[in-house]
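Student: In this note's numbering, each number is its position in the sequence shown, counted from 1, plus 530.
The set of hints was computed from the structure by calculation and includes no laboratory data. Treat the hints with care, since some could be wrong.
[What the hints assert, rightly or not] Here are the computed distance ranges between Cβ atoms for each label pair: (1) D604 to K546: 34 to 42 Å; (2) C551 to S572: 15 to 23 Å; (3) L607 to L568: 33 to 41 Å; (4) K547 to Y583: 27 to 35 Å; (5) M611 to H587: 13 to 21 Å; (6) F553 to M611: 16 to 24 Å; (7) S572 to M540: 19 to 27 Å; (8) S572 to G545: 16 to 24 Å; (9) L608 to K547: 14 to 22 Å.
Since we're looking at a predicted model, the values are computed, not measured. For each residue, glycine too, the CB sits at the ideal point set by N, CA and C.
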Amino acid sequence: METLWAPWRMEYILGKKEPECIFCTYPKENKDRDNLILYRSSHNFIVMNKYPYNNGHLMVVPYIHTSATATLSDEALLDFM
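Put together the whole structure using the sequences plus the hints.
Tutor: See below:
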C-alpha cells in the first residue's frame, strides 16, 4: 500500500483535540460559514474537510451521532444519498 503524503494535515495531527465530536457541535453552533457547512437538509449536512487529502473533499454527515450508516432511518439514508 502506498503512503499518501499530505503535509497540510500536520496542523490537525499535532493540534489541540476537541473535547466533543465536531460533527455533533458544529451544526448546533449556527456558524455555518466558520464551520465550513455548505448545506443543511432535514437529516444530514454537507461540510468541507478542513484538512483534506485532496481538493474539494466534502463530507455528508448525519445529525444523529452513529458509528454505522446501517443504524440510520430509511429517511436519513435516502437524504444521505
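Student: For which of the previously enumerated hints does the structure constitute a violation, in increasing order of number?
Tutor: Violated: hints 3, 4, 7, 8 and 9.
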